[in-house]
Amino acid sequence: MHDILRRAEPLTPPVPAASRGFGRLTLDVRQNLPAWKQAVFVGSSLILGLAISVAILAVAGIPPLTLASELAGVLTAENLRGVLIQAAPLILVGLGASLAFRIGFWNLGIEGQMIFGGIFAAAISIYDIGPPATRLLLMGMAAALGGGLWVLLVVFLKLRFRVNEIIATLLLNYVAMYFLFHLLYGAWQDSKTAFPQSTPFRPFERLTDIGYGVNSGLLIAIAGVLAAGWMIHLSRIGFYTRFIAANPRMAKVVGVPVRTATIWIIAISGACSGLAGFVNVASQEGRLTQSFANGYVFSGVLIAFLSRNDPIVVAIVGFLIAVLFITGQTLQVFYQIPFTMVQMIEAIIVMAVASSEFLIRHRIRWIR
Amino acid sequence: MNAALQLAGIRKSFDGALALDGASFESRSGEVHALLGENGAGKSSLMNVAAGLYAPDAGSISINGAPISLSGPALARSHGIGMVHQHFKLVRPFTVAENVLLANPKAHFASGLRDIRDAIKKQVDALKFSIDPDRRIDTMTVAEQQQAEIVKVLVGGARILILDEPTAVLTDAEAIGLLEIVQRLARSGTAVVLVTHKLQDVKRYADVVTIMRGGKTVATLDPRHSTAEELTELTVGQTSALPERTPHQGGPTRLNVGALTYTRADGRTMLNNTSFYVRAGEIYGIAGVSGNGQAELAEALIGAIDPSLGEIWVDGAGDISHAGPSKRREAAIAAIPADRYAYALAGSLPIQDNLAVAQIRSGRYGSIVRLDRAAMRRDAIAAVKDYDVQGVRSVKQKASLLSGGNAQKLVIAREFSREPDVVVAHSPSRGLDARACAAVHQRLIAARERGAAIVLISEDLDEILSLSDRIGVMTRGAIVAEFERPADRQAIGRAMVDHA
Numbered sequence: 001m002h003d004i005l006r007r008a009e010p011l012t013p014p015v016p017a018a019s020r021g022f023g024r025l026t027l028d029v030r031q032n033l034p035a036w037k038q039a040v041f042v043g044s045s046l047i048l049g050l051a052i053s054v055a056i057l058a059v060a061g062i063p064p065l066t067l068a069s070e071l072a073g074v075l076t077a078e079n080l081r082g083v084l085i086q087a088a089p090l091i092l093v094g095l096g097a098s099l100a101f102r103i104g105f106w107n108l109g110i111e112g113q114m115i116f117g118g119i120f121a122a123a124i125s126i127y128d129i130g131p132p133a134t135r136l137l138l139m140g141m142a143a144a145l146g147g148g149l150w151v152l153l154v155v156f157l158k159l160r161f162r163v164n165e166i167i168a169t170l171l172l173n174y175v176a177m178y179f180l181f182h183l184l185y186g187a188w189q190d191s192k193t194a195f196p197q198s199t200p201f202r203p204f205e206r207l208t209d210i211g212y213g214v215n216s217g218l219l220i221a222i223a224g225v226l227a228a229g230w231m232i233h234l235s236r237i238g239f240y241t242r243f244i245a246a247n248p249r250m251a252k253v254v255g256v257p258v259r260t261a262t263i264w265i266i267a268i269s270g271a272c273s274g275l276a277g278f279v280n281v282a283s284q285e286g287r288l289t290q291s292f293a294n295g296y297v298f299s300g301v302l303i304a305f306l307s308r309n310d311p312i313v314v315a316i317v318g319f320l321i322a323v324l325f326i327t328g329q330t331l332q333v334f335y336q337i338p339f340t341m342v343q344m345i346e347a348i349i350v351m352a353v354a355s356s357e358f359l360i361r362h363r364i365r366w367i368r
Numbered sequence: 001m002n003a004a005l006q007l008a009g010i011r012k013s014f015d016g017a018l019a020l021d022g023a024s025f026e027s028r029s030g031e032v033h034a035l036l037g038e039n040g041a042g043k044s045s046l047m048n049v050a051a052g053l054y055a056p057d058a059g060s061i062s063i064n065g066a067p068i069s070l071s072g073p074a075l076a077r078s079h080g081i082g083m084v085h086q087h088f089k090l091v092r093p094f095t096v097a098e099n100v101l102l103a104n105p106k107a108h109f110a111s112g113l114r115d116i117r118d119a120i121k122k123q124v125d126a127l128k129f130s131i132d133p134d135r136r137i138d139t140m141t142v143a144e145q146q147q148a149e150i151v152k153v154l155v156g157g158a159r160i161l162i163l164d165e166p167t168a169v170l171t172d173a174e175a176i177g178l179l180e181i182v183q184r185l186a187r188s189g190t191a192v193v194l195v196t197h198k199l200q201d202v203k204r205y206a207d208v209v210t211i212m213r214g215g216k217t218v219a220t221l222d223p224r225h226s227t228a229e230e231l232t233e234l235t236v237g238q239t240s241a242l243p244e245r246t247p248h249q250g251g252p253t254r255l256n257v258g259a260l261t262y263t264r265a266d267g268r269t270m271l272n273n274t275s276f277y278v279r280a281g282e283i284y285g286i287a288g289v290s291g292n293g294q295a296e297l298a299e300a301l302i303g304a305i306d307p308s309l310g311e312i313w314v315d316g317a318g319d320i321s322h323a324g325p326s327k328r329r330e331a332a333i334a335a336i337p338a339d340r341y342a343y344a345l346a347g348s349l350p351i352q353d354n355l356a357v358a359q360i361r362s363g364r365y366g367s368i369v370r371l372d373r374a375a376m377r378r379d380a381i382a383a384v385k386d387y388d389v390q391g392v393r394s395v396k397q398k399a400s401l402l403s404g405g406n407a408q409k410l411v412i413a414r415e416f417s418r419e420p421d422v423v424v425a426h427s428p429s430r431g432l433d434a435r436a437c438a439a440v441h442q443r444l445i446a447a448r449e450r451g452a453a454i455v456l457i458s459e460d461l462d463e464i465l466s467l468s469d470r471i472g473v474m475t476r477g478a479i480v481a482e483f484e485r486p487a488d489r490q491a492i493g494r495a496m497v498d499h500a
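Just so you know, the sequences run in chain order B and D.
To convert, note that position 63 of the first sequence is 63 in the numbering used here; the numbers rise steadily by one, no gaps.
To convert, note that position 418 of the second sequence is 418 in the numbering used here; the numbers rise steadily by one, no gaps.
To be clear, the hints were calculated from the coordinates, so they are not data collected in a lab.
We treat Cβ as the ideally placed atom computed from N, Cα and C, and that holds for glycine.
Accuracy of the hints is not assured; some may be wrong.
What the hints assert, rightly or not - Residues of chain B placed beyond 12 angstroms of chain D at every Cβ, according to the derived structure:
id	residue
1	G73
2	L159
3	F204
4	I237
5	A246
6	V256
7	P257
8	L359
To be verified - Simulated pairs of lysine-lysine, PhoX-like, Cα-Cα distance not exceeding 25 angstroms:
id	chain 1	residue 1	chain 2	residue 2
9	D	K106	D	K121
10	D	K385	D	K396
11	D	K121	D	K89
12	D	K398	D	K385
13	B	K37	D	K396
14	D	K122	D	K106
15	D	K89	D	K106
16	D	K128	D	K89
17	D	K89	B	K37
18	D	K398	B	K252
19	D	K216	D	K198
20	B	K252	D	K327
21	D	K396	B	K252
22	D	K128	D	K216
23	D	K203	D	K216
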């Protein structure tokens, strides 16, 4: 009898966790958390993220007080104009990202879609298509089409061959970028300056100020916010997106046109990014340049994330990120900090909010 | 000599539903002990208690006569109890050796892996298996993966080997090979427990058989001295009286399923020329041991999968076997799937949205540009009241907060809101308590009285017997036998196992 017991010994006797003398952490999944508590979690994470950012800037040589006065300086009329110009493309990429994220399509191809938006818009200018009066409208429509088509390529690959959209959209950014370079160093190069940029747009091809320091690009962004808000909250396709995100198999069985709705939402997401490209080339740059889309993937994801994919909140967050950008530019000029520092602050905020998401979904308990 | 593993008076309930009701079981070294029973009889639950995965509410466990308490699977392993689950617990991108090492941790990775590899080779040779310790699991066939599971458990020092439905995933030849190896293993001194619902396996390979029914162990006997009929009767139990009701009137055919064939992505044919018809005002029950294509049949009928061949003809709509969801909705087909949260509800969305979603397209809740949420709310409140859905504080609360029975009532409220002509119900009372179960059955009978054609797919033979006008037995993706009401329970039980 003893023999059998001896042989029943395992190779290594396991030590039960409870006998180690310490407690341990466990995670419980939360069922439901009231909205105000969620807001408290997100808000305190945001403050923590900003505090870390301030600390890092202090180490880099910018005392917190100076930082505060620089932030206050943003609110002068001239800086505010810059903020509003900057806010328009940020809000549009935020919309692009949040619409796609709503149905679980991880669109990281915002830059590529912006580039094609810019290229399509510039093509209207370069080939001189349509009468001057409707030129801007045509350019905007072309930009939306360009961004939409570029992302639909990935939608096709995903639906037909199950290609992962995260990788596909991200890598196609480089394809778009080199195609842009191909144009700017080749056929579309400005012959007067020989710089790698297109010839400047004509005056009626540019988004100009409409008074009070507000650029017409911002109107496009606001129109986009209202349209997306209506689509998500009031229209039928918005209702469908919630089911597609929550349970696509079930959605299909109960009669939601999953495929059609998915394709449309993602195409509109690409179109938003395309419009962001148009706003950038037609307001800030006034021509197609090499770098008009740089860094927007990250900003778009950040804005979508902070706004929890709600189009109306996207507008607010987009504005705040624009403030961060303009402050960052000032710091860059006057304190010689690199622009990567601004991107790092963005990253810290994303991580802080991401961790708050975890706390909203789980409860951490200490068990003795 | 004491029993190697002894379970006595085990009780276990899940969320109020009793899964094990005083079950007792004894397994000896050197024997293959079969545990036979229908689906849901409690076989797997009992063995999960033995493997330390479930903590029993009451009862005792002893190993070699010494009482023990199992606080987890690691402790069960240390007592020499090893279980091979029906769904393998292997890390697919890892090699066999890495998987065995993961289950039997060593102090040092590199030297541990070397030791493990030797131990695996020894076991593989002893059992005459064919697997290579350095092959990745995802390059192996199902039979080879099962060998890896068995080796993993034996390298861990198991003296009591529990195999949960080991032949369910194997071809006939593979199953015979495995059972012969298992028999040899028992002869060399291991106590083997074979959880199964296959009578032939029990008759040919088991030394002892314990039969479970309704969470109880009803008999332990020697399979060689009992007939298949006796075993079947013990497994399915006695026939209970059927409820009275109006006889079926024999209306026109509403649904015809013709030679439906479906092959899964992994190459297994799940539906193999499935054919049957259902008339108006008739409940057609489909009985069978689970895994014989019932799930796929239900999915094909509700449009979750695309059958490769055959037709699903519906009166007035024609062949809908490849039709999209909207055409199926137009054909007035209601779907009550087995897995509510997979196919019927979006748990994270409000009750109101879950009720409205099926009729959004018809325009009942507003146009494309503007949804009519007030109408949704009105209808939802009415449906919750009509179908007696309990636990609803607001129709805006998440559907996942409802209990199983109430979630099912919600599904039925949505699916019956447009008076369906055809109802596909798959295990509609799974996991429900008696009251909710009765309510669901009442709804199905009401639909029948109204003239709907109802397909009732269920692994619960009692449910099939009490509700159905005609019963088809499904085995290996085909209807192999049909019975008229009142059907003989024993005959159905035999049809289910004879063809398996």
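Subject >> Violated constraints from the hint list, given by number and in increasing order >> reply: 4, 5, 6, 7, 17 and 22
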